[in-house]
Amino acid sequence: MFAGQGNPMSAHTLDLAAVTYRYRGGQVALTDVSLSLRTGIIGLLGPNGAGKSTLMRILATLARPTSGQVRWNGADVASRPDPLRRTLGYLPQDFGVYPALTAREFLAYLAAVKGLHSRDIPARVGRCLDQVGLADAADRRLGEFSGGMRQRVGIAQALLNDPALLIVDEPTVGLDPEERMRFRHLISDLAADRLVILSTHIVSDVEASATSLAVMAKGHLLYSGEPEALLAQAAGQVWEWTVPAERVPELRKTLVTSSSTRRPDGVRLRVIAAARPSEDAVASAPDLEDAYLWLLNRAGGA
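Residue numbers 1 to 302, in the working numbering, belong to the letters of the sequence shown in order.
Check each hint, because a few of them may be wrong.
With a cut-off of at most 20 Å between alpha-carbon atoms, the simulated SDA-like pairs for lysine to any residue come out as follows [to be verified]:
(1) K114 with A63
(2) K218 with A63
(3) K218 with A17
(4) K218 with G25
(5) K253 with A275
(6) K218 with N48
(7) K114 with T87
(8) K253 with R268
(9) K114 with D94
(10) K218 with R64
(11) K218 with T87
(12) K253 with R298
(13) K253 with A274
If you anchor each label on the Cβ, the simulated ranges turn out as follows [what the hints assert, rightly or not]:
(14) A283 with A100: 49 to 59 Å
(15) T257 with D162: 37 to 47 Å
(16) T20 with R86: 23 to 33 Å
(17) A229 with M181: 21 to 31 Å
(18) Y109 with L255: 46 to 56 Å
(19) G25 with S146: 35 to 45 Å
(20) A112 with P83: 16 to 26 Å
(21) D82 with A138: 29 to 39 Å
To be clear, the hints were calculated from the coordinates, so they are not data collected in a lab. Every value quoted in this text rests on a predicted model; they were computed, and no experiment measured them. Quick reminder that beta carbons are idealized off the backbone N, C-alpha and C, glycines included.
Go ahead and model the full structure; you've got the sequences and the hints to work with.
Here's what the structure looks like:
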């Protein structure tokens, strides 16, 4: 069970029981995924093709599982999707904007589509723009926005109905480091009293902010729990040693390397291995990137 950091009196619950999804051609995208989610930031990690986007679409009520069950506050989402839809905010991976509209016009249009009362829309749009740091750019056309600013517009539209569940799918792909950092801070601020599911294959997106992790590969759930517990599992599996630069390509063919750094005396490799890969290698404490790679490698999903 995931433990969130929100107010326990107002906590919402999202429970998945043996969720499986098969495409019409028979290909299996998800296999028996079971999770219990609570208020806080859930980092959903996995390589491309792990099934993360399929799971996000199911949780956003855009697809129904082939088998298994999703419950929001105890209610079956398949038979009663409206309670979840009324309190859901969703930023899909392929979120697009109308470049000729201003941010204010675009959000007002989406607020009307979502069914907000016309008298409430101006104030709500203004509040959401302020929340994502775009109040000063509200009347600029979206075609003039940077990639990071467009992603913040995407978060703003997801917040229009003040959702208790916020789902964001690969939100930082294509953003520069400064925009990525700003986006992470924004997500952290928004998670104080809601459940945020952040789906990504970029470990640093969740390293500093996720209260819990779920790791997927090839449609299977490999891990769910606190980041610290995953780090503890990977202890003793990380090694560092310096090798001549010409040996690096050969070693990368047989070893899982999480990083390499050029130094005057060669290349410093950081390696994931169950046993010491060389007499010169020294043990190192794992970081989350190391633990993630160790888990994928152990499951054959790297």
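Structure-based check of all given hints:
1. Simply put, K114 and A63 have alpha-carbon atoms about 19 Å apart, close enough for the 20 Å limit, and the pair holds.
2. With a CA separation close to 19 Å, the supplied pair K218 and A63 stays within the 20 Å bound.
3. Taken as a hint, the K218 and A17 pair is honoured in the structure, with Cα atoms around 18 Å apart against an allowance of 20 Å.
4. With a C-alpha separation of about 17 Å, the suggested pair K218 and G25 falls inside the 20 Å cut-off, and the hint holds.
5. Simply put, K253 and A275 have alpha-carbon atoms about 17 Å apart, close enough for the 20 Å limit, and the pair holds.
6. Restraint check for K218 and N48: satisfied, since their Cα atoms lie roughly 9 Å apart, inside the 20 Å limit.
7. Simply put, K114 and T87 have alpha-carbon atoms about 11 Å apart, close enough for the 20 Å limit, and the pair holds.
8. For the hint pairing K253 with R268, the CA-to-CA distance comes to about 16 Å; that is within 20 Å, so the pair holds.
9. Under the criterion of a C-alpha separation no larger than 20 Å, the hint pairing K114 with D94 is consistent with the structure, at around 19 Å.
10. Only pairs whose Cα atoms come within 20 Å are accepted, and K218 paired with R64 is accepted, the gap being roughly 19 Å.
11. Simply put, K218 and T87 have alpha-carbon atoms about 30 Å apart, too far for the 20 Å limit, and the pair is violated.
12. At most 20 Å may separate the alpha-carbon atoms for a hinted pair to count; K253 and R298 meet this at roughly 16 Å.
13. Under the criterion of a C-alpha separation no larger than 20 Å, the hint pairing K253 with A274 is consistent with the structure, at around 16 Å.
14. Under the hint 49 to 59 Å, the C-beta atoms of A283 and A100, about 58 Å apart, fit the expected range.
15. The hinted range of 37 to 47 Å is satisfied by T257 and D162, whose Cβ atoms lie roughly 45 Å apart.
16. With their beta carbons about 27 Å apart, T20 and R86 fall inside the hinted range of 23 to 33 Å.
17. Checking the proposed 21 to 31 Å range against A229 and M181 shows it holds: the Cβ atoms sit about 26 Å from each other.
18. About 53 Å separates the C-beta atoms of Y109 and L255, a value consistent with the hinted range of 46 to 56 Å.
19. Checking the proposed 35 to 45 Å range against G25 and S146 shows it holds: the Cβ atoms sit about 39 Å from each other.
20. Separation of A112 from P83 is about 22 Å and conforms to the stated range, judged on CB atoms against 16 to 26 Å.
21. Checked against the given bound of 29 to 39 Å, the beta carbons of D82 and A138, roughly 31 Å apart, stay inside it.
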